[in-house]
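Undergrad: With chain S fixed as given, assemble chain P onto it according to the hints.
Residue numbers (the working numbering), protein chains in the order written: chain S, 1 to 79; chain P, 1 to 79.
Derived from the structure by calculation, the hints contain no laboratory data. Some hints could be false.
Copies of the same chain are indistinguishable here, so a pair counts whether it falls within one copy or spans any two.
What the hints assert, rightly or not - Simulated pairs of lysine-lysine, BS3-like, Cα-Cα distance not exceeding 30 Å:
no.	residue 1	residue 2
1	Lys2	Lys55
2	Lys56	Lys31
3	Lys2	Lys40
2 protein chains.
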Amino acid sequence: MKALVYVRLKSEVLDPQGQAIESALKNLGQKKISNVRQGKLIEMDINSHNIDEVKKTVDQVTKTLLANTVIEEYSIEIK
Amino acid sequence: MKALVYVRLKSEVLDPQGQAIESALKNLGQKKISNVRQGKLIEMDINSHNIDEVKKTVDQVTKTLLANTVIEEYSIEIK
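The following block holds chain S by itself, in its conformation from the complex (with noise of 0.2 Å):
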């Protein structure tokens, strides 16, 4: 089964590279986009036809690896 983890930081924890993002669109002109934010995307392929085992590995591997908790949100997506 292929998942997808989506890692984002919490909305209250500054955003250096969104911010930067938006500075050079101002820069090129584009003043109609606000509040950039940037995460990540990780995608992987789990060796299992189990549902429940599969979002329970993906949660764990995210939890213990992927994502920092502490500033930074996470939602898995199982395909």
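TA: Frame of chain S, contents of chain P only:
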């Protein structure tokens, strides 16, 4: 309106970040996960209610600034 841009490395392009994650997972004893790829997720607000205009703006912005279309592919979701 809110736009989400997903930027991924093309499948034929080597992804060292994904490989590093995969290797770390193997070291943690997680052997069922393979083919890890890391991409970017960019969220933004656009001050417009014309969905066609929003799509066009985000597509243009992605091509010029957010994605390197030589090695990356992208998809856009408007909410």
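Undergrad: Need the list of violated hint numbers for this structure, in ascending order.
TA: none
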